[in-house]
Each structure stands twice: as C-alpha cells, then as structure tokens.
Amino acid sequence: MTDTPLRRKVRWLIAIRAVIGTILLGSAVLLETTAPGLFPAERLFFLIGLTYALTLAYALTLRFVERYRWLVDLQLAGDALIVSAFIYFTGGVTSYFTSLYVLPVVAGSVVQFRRGGLLVAALSTVLYVGLVLVQYLTASGLVAPMWFIRASTALPTRSIAQYTVALNVFGFFAVALLSGSLADSLRSAGARLQQASSEIAGLQALNQHVIDSLPSGLATTDNGQFILTFNRAAEQITGISYRSAVGRPVADVLQLPPDIMLVIAQDLSGRALRSREYRYATGDGRGEIDMGLSASHLETPGGRAGLLFTFQDVTAIKKLEHDVAIQQRLAAVGEMAAGIAHEIRNPLASMSGSIQILRQELPLSSEQAQLMDIVLRESDRLNDTISSFLAYARPQRFHITRLDLRRALNDTALLLRNSAEVKDGHVIDVALPAGELWYEADEGQIKQIIWNLATNGLRAMPDGGRLLLQGAAGPGTGGVVLTVADQGLGIPAAELDGLFQPFHGSFAGGSGLGLAIVHRIVTDYSGEIRVDSQVGRGTTVAVRLPARIAVAS
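Mapping the sequence shown onto our numbering, position 157 (from 1) lands on 157, and the numbers just tick up by one.
I should point out that these hints are in silico values taken from the structure, not numbers from a laboratory. Since the model is a prediction, treat every value here as computed from it, not as a measurement. One or more of the hints may lead you astray.
Under the rule of at most 25 Å between Cα atoms (straight-line distance), these lysine to aspartate or glutamate pairs were calculated in the DMTMM-like manner [as the list claims (entries may be wrong)]:
#1 Lys318 to Asp380
#2 Lys423 to Glu361
#3 Lys423 to Asp380
#4 Lys318 to Asp184
#5 Lys447 to Asp373
#6 Lys423 to Glu436
#7 Lys9 to Asp73
#8 Lys318 to Glu299
#9 Lys318 to Glu367
#10 Lys318 to Glu277
#11 Lys447 to Asp429
#12 Lys319 to Glu66
#13 Lys318 to Asp267
#14 Lys9 to Asp184
#15 Lys447 to Asp532
#16 Lys318 to Glu361
#17 Lys319 to Asp73
Could you put the whole structure together from the sequences, leaning on the hints where they help?
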C-alpha cells in the first residue's frame, strides 16, 4: 500500500482523535470522582466510547480514503456531530467547550484545505444553531423533553444567546478561513519546494553526468588532501574504483612522487599551472602508463575547500610525439637524398669506371690488382647503400593492385631459402590461413617489408634458428597483419626506440636502412609496427596494415 500525502494526514487525524478521546475520558473520570453530578457522566462516557469506536472504524477504512474521498468528509462530519453532542450535554449555549468546534474545522482545513475548513465550519454552524434552538424550544415548552434532550432552565436571554451564537459562528468561519489559507499556502510552498528539490536533483544529476562524461580524470580533495570525488574517467585511467579511492590520500591513489608533489605545491603557490608527467602503475593489470596531471585550488564561496586534480593517460600522445619526432628526423634525412645522389653517386660511378679501365690497361702486380678489386667492391657496396637510401628517401610511386598476400609470403620465403643470407641451421617456415588473404597494395612494397624484416631476423641468428613468416586477417575493422618472428639474439629495451632510424643497423654487411624503409612504407599505408623482443630468446615484429587505406603519395 502506497503511503500518499492524504493517507498520512488522515492517519495523523485518527491518532489525534484517539489522543483527545483519551484526554476527555480521563477528565470525565476525574470530574466524576471529585464532583459527582456536575456533568451527565453516562452520556459523556457514551460519547467517548463512540469516539473510540469511530476511530477504530476510521483506521480500518484508511486504505480506501484515496479511492473514496467521501470517507474523509464522513470523518470530519462525525467529528462535528460528536463535538456538538458534547457541547449540548455540557450546557449548549452556556457550555464552556464551544471552542472544541475549532478542532474539526482545523482538521478539515489540514486535510481538505480551505474547502474542507469552510464545509466543516458551515456544518458546525448548522449543528450549533440547531442545538441552541432545541434548548430554547424545550425551555418554552414547544418541544417535549426526551432522553437525549435536556430541559434547560437557566438559559441566557435571547439577545445574549444571539450574540453568543453569532460570535461563535464568526469564530468558526474565521478559523476556517485562516487555517484554510495557511493550509493552501503550505501546500503551495510544499509544491514549490518539491519542484525546487526536483530541479536541484536534476541539476545534481546533470552535474554528475557532465563530470562522468569528461574524458579526463577528475579528483577533488579536502584541505587535508583526502579524496572526496573520483569520476568515471578517473576509474578507467587508474584502474581504481570510486569506493576504493574516496577517503584515501590523493598522493597514494595517484602515486604522486615527492618531486611531483613539490612542483605542484610550487604551481599552487602562484606560478603558472602546467601539466606534469610521470609514470603510473595501473591497478587493473594494464602495467605502467604515462600520466599527465595538473592541480588547482578548489574555490568555493566560503574560500578554498581543497584541491582539484585533472589527469589523462598520455601514453598514446607520447607515442605519437615519438613517432612524429622520428618522422621529422626521417624527413630531414630525405631532404638530403637528392644532394647525396648528385654529390656522391655520380663521382662514384666515374671513379669505379676509371678503376676498371686502369685495371685492364695497366700491368699490375698481384698486390696492386687485389687493391683495385677491393676499391671496386667497396664502390659497389657504397653504390648499393646509396641506392637503398634513395629508395627510402624518395617519394615512391605506388602500383596498387588486389593481391593474395599468401603468394607474396610464399614467394619471399622461396627467395630467402635460396639467398646468401641463409646459413646452416636456418629454418624458414610460413604460416598462412587456409583461405585467400586479399589486400589492396603495391606487391613490391609488401615483399620489401617481408624481405627486410626476414633478412634482419636471419642475421640475428648467426648460429641458426627458426624464422617464421606469418600472415593473418586483422582484428576488429579488418586489414591484415604480417608477422616475422626469429629465435635470435633479441634487442635490448633501450635500443627499441631507435630501431627504425636510418643507419641504425648493427649487422655487418647491411646498409642500416632496411628497417627505416619498412617504417617508411608502413607509415605511408597508415599502418603500425609492434616489436616484442627478449634478449637471448628472439624478436617478433608485427606489421598491421589497415583496410581501405589511403596511401600517402
């Protein structure tokens, strides 16, 4: 059963009626004991018993008052009748208890507002005027006395009676109007309060939604730097739930190092605020991330109430900055390509041709011939290096076709098995899906990616080992993933950042541009490269090329 406002008011009315009945019962017993015969005790006890009986009946019908509003009117009318009977038995127009009419009038105003108060006042007026008329008609002999009609001998004059009745009736309606106005005002105030509460609740919900929708983590603290609020983005970034964070020191939750706390204090003391970055170990097993954090005072109308911290996971941004730095360095190197081609390659070709002619025409000793052979070989090696450099640095023309990457992987594996890079103990395996692996790209560039990664893997296994070439469909939105895994020396973590920079190669006989060329091609295809390596156990390079690529030209 739903507890409505009307039902609550009627419940209070029933309880007050029971309390008043108990007070009257106690007063009647006391008067009968101390002054027997002052009041008609048996009639008073009857009215009090009737009040208790009606109170019980009202309590039993409480659940129906919302559906049948006339039950409330019936209760108020019953109260007016009982008060009228009580006043009649205690003297009628001479009774000292006429003011009891105020109780049902006020009750009517509280329950039914001004309308209810005026209706009860009108009913009380009719009953009061009626019982006074009965008194005077009985006293004049026009009405015969009965058991419920008292013969009144000491009545005031008619003019005094009229004045008394008029004064009481005026009081009934005055109380009805006053209590009804107060009840209506209270109802309006309650409605406005409820509306204001709803608006405040809506604003609070909107505020919470705004805070939870922020992409940045947001945490507020009190003046003791204990966390008060922790939004949804903060939970996702840190891996710590709201319940676990609130009430704890912010330095513990955000893992703020002492030096960061020091610079934050300096920022808050008046310097320009700026973001501070540090490494953060997440609480949900994601490992360490780069955290960017800034702090400010939490200003309120009452003054500073604590601190406000905003923070973001800047790991992707740091990676992007790193990639941009690499691209800038590579672009700078590319600008040098044309100059290198003219300044080195052409003179080198002239020198190589001249040495070949001199070797053929001059009588040379064996040692001189050997030196000239060395010059020619080094000239060829330098020419190959310049060719690789130009292939990396110059913008490439793409011949995009739809190809099955399984064929490109198999062809490259076949060439590798018959190349000079393969030593005793090398095993080259290919893992491919059963169905076609279609992709739109320049076939030569795809083979160059696989070849450069594979030759690096073979060189990383001087004592032999297994090289795996693998192709698979990309996860999520499609694309493809090309993987080259070796069982070689591995790459130290400190060297991974510069792995794709030009001339970073550490193998003898290489140009140092193979991985840089791979990075250039993958970047042109808007792809990404992921390197996982353990020293002494090998390296796995995964190249993800997205679907529906727009190749940079």
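Tested hints:
no. : hint             : result
1   : Lys318 to Asp380 : violated (41 Å)
2   : Lys423 to Glu361 : violated (39 Å)
3   : Lys423 to Asp380 : holds (23 Å)
4   : Lys318 to Asp184 : violated (65 Å)
5   : Lys447 to Asp373 : violated (33 Å)
6   : Lys423 to Glu436 : violated (31 Å)
7   : Lys9 to Asp73    : holds (13 Å)
8   : Lys318 to Glu299 : violated (32 Å)
9   : Lys318 to Glu367 : violated (56 Å)
10  : Lys318 to Glu277 : holds (10 Å)
11  : Lys447 to Asp429 : holds (16 Å)
12  : Lys319 to Glu66  : violated (67 Å)
13  : Lys318 to Asp267 : holds (23 Å)
14  : Lys9 to Asp184   : holds (14 Å)
15  : Lys447 to Asp532 : holds (22 Å)
16  : Lys318 to Glu361 : violated (61 Å)
17  : Lys319 to Asp73  : violated (77 Å)
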